[in-house]
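Engineer: Each protein sequence line maps, in turn, to chains A and B.
Everything in the first sequence is counted per UniProt numbering, starting at 1 for the first residue and increasing by one.
Everything in the second sequence is counted per UniProt numbering, starting at 1 for the first residue and increasing by one.
Treat the hints with care, as some may be off.
[As the list claims (entries may be wrong)] Every beta carbon over 10 Å from chain B, so not counted as near; a handful from chain A, in silico:
| # | residue |
| --- | --- |
| 1 | Asn-105 |
| 2 | Pro-113 |
| 3 | Asp-135 |
| 4 | Ala-142 |
| 5 | Arg-246 |
[To be verified] With the C-beta cut set under 10 Å, the calculated list includes, among others, these residues of chain A facing chain B:
| # | residue |
| --- | --- |
| 6 | Gly-54 |
| 7 | Gly-58 |
| 8 | Arg-62 |
| 9 | Gly-67 |
| 10 | Asp-71 |
| 11 | Arg-78 |
| 12 | Phe-86 |
| 13 | Phe-91 |
| 14 | Leu-117 |
| 15 | Gly-119 |
| 16 | Arg-161 |
| 17 | Asp-210 |
| 18 | Leu-211 |
It is worth saying that the hints were derived from the structure and are not from the lab.
In this text, a Cβ means the ideal position worked out from N, Cα and C, and glycines have one as well.
The residues making up each chain are set out below.
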Amino acid sequence: MSPAVQIDDLSFAHPGSDLPALERISLLVPTGESVALLGPSGAGKTTLLALLDGRLRGWQGRTSVLGASLDPDRPPLRARRPDTGFVFQEFALVERSTVLRNVLNGRLGRMSPLRALMGSSTSHDLETALAALADCGIADLAERRVDSLSGGQRQRVAIARCLAQEPRLILADEPVSSLDPARAAEVLTLLTGAARARGATALFSSHQPDLARRFAQRIVGISGGRIVFDVPTFDLSEEATANLYRDTARMPGVGLRAVS
Amino acid sequence: MRFRGIGGFAASTLVAGAILWSFMTTDVEFSRLLSAGPRIAEFLGRMFPPDPTVMREIMKGGAETLRIAILGSLGAVVLSAPLGILASETMVSPPLYRTVRTLLAFIRAIPLILVAMLMVGAVGLGPLPGIIAVAFHATGMLAKFYAEAIDGVSRAPIAALESAGAGPLARLRHAIWPQMAPVIARDTIFRFELNLRESLILGIVGAGGIGFYIQTYVRSFQYDKAASVTLAVIIMVVAIEAINVALRRRFA
Ligand SMILES: Nc1ncnc2c1ncn2[C@@H]1O[C@H](COP(=O)(O)OP(=O)(O)OP(=O)(O)O)[C@@H](O)[C@H]1O
Ligand SMILES: [Mg+2]
Chain A
1 MSPAVQIDDL SFAHPGSDLP ALERISLLVP TGESVALLGP SGAGKTTLLA
51 LLDGRLRGWQ GRTSVLGASL DPDRPPLRAR RPDTGFVFQE FALVERSTVL
101 RNVLNGRLGR MSPLRALMGS STSHDLETAL AALADCGIAD LAERRVDSLS
151 GGQRQRVAIA RCLAQEPRLI LADEPVSSLD PARAAEVLTL LTGAARARGA
201 TALFSSHQPD LARRFAQRIV GISGGRIVFD VPTFDLSEEA TANLYRDTAR
251 MPGVGLRAVS
Chain B
1 MRFRGIGGFA ASTLVAGAIL WSFMTTDVEF SRLLSAGPRI AEFLGRMFPP
51 DPTVMREIMK GGAETLRIAI LGSLGAVVLS APLGILASET MVSPPLYRTV
101 RTLLAFIRAI PLILVAMLMV GAVGLGPLPG IIAVAFHATG MLAKFYAEAI
151 DGVSRAPIAA LESAGAGPLA RLRHAIWPQM APVIARDTIF RFELNLRESL
201 ILGIVGAGGI GFYIQTYVRS FQYDKAASVT LAVIIMVVAI EAINVALRRR
251 FA
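Same shape as in the complex, but just chain A (with noise of 0.2 Å):
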């Protein structure tokens, strides 16, 4: 089987910036594993995450998705984007509309053009949306509007439309980053526990080694664009994790970044 990931010598500069967001970067994630991301704040860890997604243009390199070569050039056909389910470190969630209509959201893609546009869903797409309220712990808020929810009940609305699109690769960009320490663990549980039971693939980063450790089976330390170290979760040493952080405090600029 095609791994969900391959990454070979990836370069990337975001337009109208000279420094290189992702320099030569190669990764590989077999399909059914779960990768943590660490790195400190402007690593590069959403650049990653979203090139992955097929969301930006004009990198150099390859990189295959699913199975399925990006195209630097061009988005993805958008049959294929369904596969892919991302969790925004912003939530990116609709304020005006309801819990409900959100998580319905993600079911877009995979609806009839015509159902699409009426919001006219299955009762298929309504059980999985449901569900996905309810995996996340958010049953009760489903008529709720976006725009009166606390932060922690945003993120975990964000993750059950990334569920209710039943996606074969999770991209998650600091899922958790909004929750307290007990309920972070809980929506990770989820979130890992969601894609081993269907066979899908993680991949989430973090600023939260302790949790990385815990809920991936292998983790990736990003500094400056390029890929510090990838390791087996239990050959982590602390000093690694410490000097991840430590070294970009030295490169100027960066460390001024305020965390987003």
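Add chain B with the ligands to chain A, keeping to what the hints say.
Structural biologist: For chain B with the ligands alone, kept in the frame of chain A given last:
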């Protein structure tokens, strides 16, 4: 606000100069001003008591003004939808939206009453020139509001839906429209209120509505009847405002 330095001094001199110039060149006769008090009192006296027999004219004129405002607003909405898109930064290229915005600024700069006079000349007396004038005049503001509503939409949820595989129409329906609709509704109601207020006077230039009767009665010195119509106008404006405040709260 306090003026500072050379610029401040120049600005104060300019303002003082402008005021002096206005006094000098305008023939302000203070004697006329002094006799104005009794005249106004007499005028008000003749307006009282308002003549209630003009109820029929009030209803007829008021209904016509309402129709002008409704159809004029409808015309403005129809014109503003495409122009709003063409004036939006997120939908079209800079040369196009800048051109359209300049055009809208010109339209806004032309007073409604002037447009109405031109339209009366073009299509004759009656509510039709009023409707066209309101539609044209209101588009200058409404299209700009619509463009701002489009540009105010947050991009992140749109990108999220695209990432989930939603097509452009589904994104419009589920990510763009929910963000825009309340803003558009609020702006349209606001513009409708202005249209109704402004079209009250259209009758003065023969462009239809209740203003026709105010003008007729004042010209023929029937101040008691003019007073009734004026009272009716005030009641209409207050009522519109009350309704709008209630409506706008719904779209908060
Ligand atoms: N749209 C953009 N345009 C230009 N530069 C960008 C853009 N987005 C990110 N960058 C830059 O790319 C680098 C990597 O940013 P990225 O958001 O991937 O970091 P991150 O690891 O996700 O950080 P954080 O932990 O704060 O979320 C940073 O130097 C950032 O300033
Ligand atoms: Mg990030």
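Engineer: Output the indices of the hints that this structure fails to meet, ascending.
Structural biologist: Numbers 1, 2, 7, 8, 9, 10, 17, 18 - these are the hints that the structure violates, sorted from lowest upward.
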